[in-house]
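Trainee: For reference, the chains in residue letters:
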Amino acid sequence: MNGDFLGHQPELSLGEKLWQINWKLILLLTAIASVGWAMLYSAANGNVDPWASRQAVRFGAGICVMVVVGLIDLRLWIRLSYPIYAVALVLLIAVEIVGEIGMGAQRWIDLGIIQIQPSEIMKIAIVLALARYFHAASLEEVGRPTFLIVPLLMVLAPVGLVMKQPDLGTALMVMMVGGAIFFLVGVRLWKFAVIIAGGAASIPVAWQFLHDYQKNRVLIFLNPENDPLGAGYHITQSKIALGSGGVAGKGYMMGSQSHLNFLPEKQTDFIFTMLAEELGMIGGTGLLLLYSLLIAYGVIIALRCRNQFGRLVGLGVSTNLFLYVFINIAMVMGLIPVVGIPLPLISYGGTAMLTVLFGFGLVMSVYIHRDVRITRRTVAGEL
Amino acid sequence: MERDTDRYRSLTRRALMLGGMQAGLLSTLVARMYYLQVLESDRYTVLADENRINMRLLAPSRGQVLDRFGVPLAVNQQNFRVVMVSEQARKIDRMLTLISEIVPLTEADWRRITREIQRKRAFVPVTVKENLTWDQVTMIEVNAPDLPGVSIEVGELRSYPYEAATAHFLGYVGAVSESELNGDPVLALPGFRIGKSGMEKFHDASLRGVAGTSQLEVNAVGRVIRELSRQEGQPGRDITLTIDIGLQQYAQDRLKEEKSAAAVVMDVHTGGIYSMASNPSYDPNLFTTGINAETWEDLLSDPTTPLTNKVVAGQYAPGSTFKMLVALAALDSGIVGPRHTVFCPGHMDLGDHRFHCWKKGGHGTLDLVGALKHSCDTFFYDLARRIGIDRIHDMAKKFGMGQRTQLDLPSERPGLMPSREWKQANLGKSWTQGESLIAAIGQGYVLATPLQLAVMLSRLVNGGFAVKPHLTKQIERGPAEQTAWPSLGVNKGHLDLVLQGMNAVMNQPGGTAYKMRIAEAGFEMGGKTGTSQVRRITMAERSTGVLKNEQLPWRQRDHALFVGFAPLHAPRYACAVIVEHGGGGSAVAAPIARDILLEVQRRDSARGVPQVSSAVPAEPAQPAPPPGLGDKPGRIGG
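From first to last, the protein sequence lines are chains A and B. All letters in the first sequence, in the order written, are residues 198 to 580 by the working numbering. All letters in the second sequence, in the order written, are residues 1259 to 1896 by the working numbering.
Keep in mind that the hints were calculated from the coordinates and are not lab data. Here the structure is a predicted model, which is why all the values come from computation and not from measurement. Ideal Cβ placement from N, Cα and C applies to all residues, glycine included. Among the hints, a few may not be true.
Claimed, not checked - Short derived list, chain A residues pointing at chain B, Cβ under 7 Å: (1) G376; (2) F380; (3) L381; (4) G442; (5) F523.
What the hints assert, rightly or not - Derived CB-CB ranges, DEER-like: (6) B:T1286 - A:I294: 38 to 46 Å; (7) A:P247 - B:A1463: 54 to 62 Å; (8) A:N244 - B:E1399: 40 to 48 Å; (9) B:Y1293 - A:F406: 53 to 61 Å; (10) A:Q217 - B:D1264: 22 to 30 Å; (11) B:R1377 - A:G357: 45 to 53 Å.
The task is simple: from the sequences and hints, build the whole structure.
Mentor: The structure is reproduced here in C-alpha cells:
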C-alpha cells in the first residue's frame, strides 16, 4: 500500500481513484445481473421486452451511480451519514402522511420522473448512520447500555414507520441490519438474548397490531395446505415449480409452471423459483455461490479498511445483500412467510437494484479509501 | 491506536461469526433446495403435471348404419356452428347484432348466449348457432375481419337421408339425459348424442366408438396453451341392416295411402327383415337438430301414433290370420283328420250362445282348405270346440305368438296368447269354451304384432323351422346370417295342407283374396286375410243388421289384416300388413301386401338374387297347379 501507516494521510487524485476502481466488484455484480437478464428474458417468453431491456438500462445507470458513489471520499460519506438518515426518516414520515391521505398502504413517493421508496433508502441510510455512530466508539463505550440508547432509537424509529406502511419485509431487514451492526461493534451477546426474549414475549401483543392479511400470511405459512387456492396458492405453486425442476432443471425457457402462469410474480419476487425450475438445483446453488462470493468479497474489502466507519459500512452493505438474498429465497422455498423482498439484481424493479448498487458504491468507496484515516476533525468537516 | 486494535480484533471476530451465521443460513437454503428438488422432486413433478396437463376427450365419430346393400341410412354430416370467444369479441351485443345479419338469432338464442357468456370464462367459446348453411359459413368467413372472436367450428351431426322412411327402426340420437349418465366421461361431453330409440339405441355401444384423448397444456386459469399429445379414439363401428332401403321406401310410400298402417317383410329362411314400415312416421332429423315443443306435442297427441313403430309395438287381434295355427293345432292333435269337414249354416250354437260366421248365409260344407280359402268362422269354431284352448295355445306359442320375437330392436311388445292359466292368473276367472271359439278366429284376448304374424307365417312356409327375425345383418365382419333353425316338430303334411289353404285364398276363384292375386308367372303369392273387430257387436245390432264400417267413426272400424308369402312354390318372403281401422283385410290389407311382395320379388330378380333357397321344403315347390288342389281334398295325403 502506498499509505504511511502512522504518518501523513495520503490524498488521492481523481486519476488515482479511477485507477483504484474495483473491477472485480463490477464483474461480480454484472455476472449476477446477467443471470437476472437471462431470467427476465425467459419470463417474457424469449423477449427482451418488457423486462430484460429495461433492467439492463437500469443496471447501466446503477453502475454509473455506483462508480460515482465509489469515487466520493469516504470522509464525505461519514459527514453525509446523518443528513442522509434524516432525509430518509423524513421521507418515511412523508410517505406515512401521504399514505393516510391515499387511504391505504403507501410505500412510494412520486417525484414525477422517478418514484422513490423511502424504505429502500433507509436500508442504506441505517448502515451509514450506525457506522458513523459507532465509528469512534470504543469497546468500553459500546459496553455501556446508555450508549446504545441512541442507535437503538435510530433503528426502531424507521422500523416502526415501515411496519406501519405496512412493509413487514423491509422492517425486518432494517431491524436485522441494525442488529448485525450492533453485533459487529461488540455488543454483548447476552444483550441480544435479552432483546430476543423480550421480542418473543411481545409477540402476542404485536399480533394484535398486525393487519389481517399479515396475520393470514403467517398462518398460511404455518400451514400452506390450508388454503391451497387462496393466499397459500403462491407458496404452494412456488414449491411445485421449484421441486419439479429437479437437479438439472427443465431447461432454460422451458419452465412449464412459470410460463403457464401458475407461478405468480415470476419476474419479481418469485424469479428465483423460475430460475430453480428451469436450471434446477445446479442453477440455484450456482446463483447462491455468486451471491456468496459477492458477500464475502464485501466482507474482505471491509476488513481490509483502516477505518472503523468503512469497515462497518462494508460489512453492513454485505449483510444487507445477504438479507435480501436469504429472505427472498427462503420465502419462495416456503421456509419463512411470504414477505415482499425482491432478489437483488435479478428481480425486475429499479429501486432495490439502485439500493444495492448504491450500497456497493459505498463498498467501492471503502475499497478506494481503505487507507484513509478518519479523525474527529474530518468528521466535523475538514478533509 | 491500541484502542482501534482491540476494536479491530473484536470486529474481525464478530465479522467471522456473522459470516459463519450467514454461511449457515445459506446452507439451509441449499439443504432446502436439496429437499425440494431432489428428495421431493418426484412428488412435485407429478403435482406440476397435474397442474398443467388437462385431459380432454375427443368425441368419436359415430358409426354409420347401412342397408343390406351398403346404402347409408344413418350418416354423420358436417355441422357448422358459429362460436364466439367473449373476451375477444368485447362488445357482445354489437357482435351478436352483426352475426344475426347473417345467421338469424331468435330471442331465445340471444338469452341463452348471454347466459352462457356470463357463466363461462371469457376465453371459452360459446356456441352462437348450430347447423349453419354453407352460405352462412362463407358469409361469416368473408366478414371475419369485422367479427373478432367469432369463428366457425365443425362438428358432426347425425343425419338420416331417408327421413321418415327409416325413422321407426333406425330411431334417432339425442342429447344425453341426466339419468343416462353412468360415469362414462364421454357421455358428459357437451353436444354428445346417444341412441334414443330403434337401432341407434340397440347398437349404441357399437356405434358410439371409443373416445380419444387429447392432452392439453393449460395455464393457471385453464386457458389452453397447446396440445401435448393426442390419442385418436376409435370411430364407432358401422352396422349393416337386413333392410332393403328401396323396398322400405316403397312400402312406406304404399302405406301412406292409408291413415294408419304397418307392413313388414321378412326372409322366411334367415329371418332378416327386408322392410319394416309404419305409417304415419316422423322425420328423425328433427330430433338431432332439436325438435320444438309444438311439433313434439303434435306428434304425441296424434291419434294415429306416428311415434309408435306399429310393426313391433302395435298389438292387434289377428283375426282370421290366426286360423292357420288353429288348423295345425287341430291336425296335430289327431282329433281332427285332414279330411274333416264341417257344415256352416252361418253360425254355430254352443249352449245358449250363438257364434256367427262372417257370412250370414253360411258356407255350406267345407273341408280345411276350403275353410281357409273362404275364411269360414264356423269351421274353426268347430275345431276349437273339439280341441280346446290349450292345444291352440301351445301351437301358437310354437309359432311365436304371445311372446317377444327377440328382434334386435327395443320397444317390441309381446302380444297375447291366452290360456287357461293366463286367464286364471290375470282375470281370476276360469276359461270358458266360448272363449276358445272366439280365440280360434283370432279375436277375444288374442293379440299379435304384425311382426309376430310375419314370424308365424315364415315358420309356416319355411317347412316348420323356428326362424327368428332380426334387423342386423352384420356388424362389420360379424357372423353371416343364420339359416339353420331348429325344427318346430310340426307334421310336414299338415303344413302342406295349410299352405294349400293359403294358396286357395289367393289363387282360386272364390278365395277371399282372389282379386288381389299376383298373376305374373313365377311371382305368385299365397296368403290369408283377416279382419278384426274393434268393437263388440251387440245382439240388438245383429238383429237390426250389423253396421257397415263406412257408417262407423274411424276408431270403431275393423282392423284390416293380411299375411302373405311369395313366391308361392318356393316361399322366401313373408309379409304381414295391418291397416288400422281399415275395414276388410281382403279389400284393404291384401292389395298392399300384394304390391309389396311383387315389388320385393321384382327387385331381387332384377338384382339376380336367387329365388329358390335350399332350405325350402321340396313338397310345395312341386308343380301343384291351382285351382285343382283345393277342390279335391281327397287327393291330399294325411
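Trainee: Each of the hints needs a verdict: does it hold here or not?
Mentor: Results of checking the hints against the structure:
With 7 Å as the threshold, the beta carbon of G376 of chain A stays out of range of chain B, its nearest partner Cβ sitting at about 10 Å, so the hint is violated. With a least beta-carbon distance of about 6 Å to chain B, the hint placing F380 of chain A at the interface is held under the 7 Å criterion. Interface hint status for L381 of chain A: upheld, as the beta-carbon distance to the closest one in chain B is roughly 5 Å, under 7 Å. Given hint, G442 of chain A at the interface with chain B, holds; its Cβ is 6 Å from that chain's nearest Cβ, closer than 7 Å.
Among the interface hints, the one on F523 of chain A holds; its C-beta lies about 5 Å from the nearest C-beta in chain B, closer than the 7 Å criterion. Between T1286 of chain B and I294 of chain A the Cβ separation comes to about 40 Å, which falls inside the hinted range of 38 to 46 Å. Distance hint check for P247 of chain A and A1463 of chain B: the Cβ-Cβ separation is about 55 Å, which falls inside the suggested range of 54 to 62 Å. Distance hint check for N244 of chain A and E1399 of chain B: the Cβ-Cβ separation is about 32 Å, which falls outside the suggested range of 40 to 48 Å.
Taking 53 to 61 Å as the suggested C-beta distance range, the pair Y1293 of chain B and F406 of chain A does not conform, at roughly 34 Å. Take Q217 of chain A and D1264 of chain B: their Cβ atoms lie about 29 Å apart, and the range 22 to 30 Å holds. A beta carbon spacing of about 49 Å between R1377 of chain B and G357 of chain A agrees with the range 45 to 53 Å that was offered as a hint.
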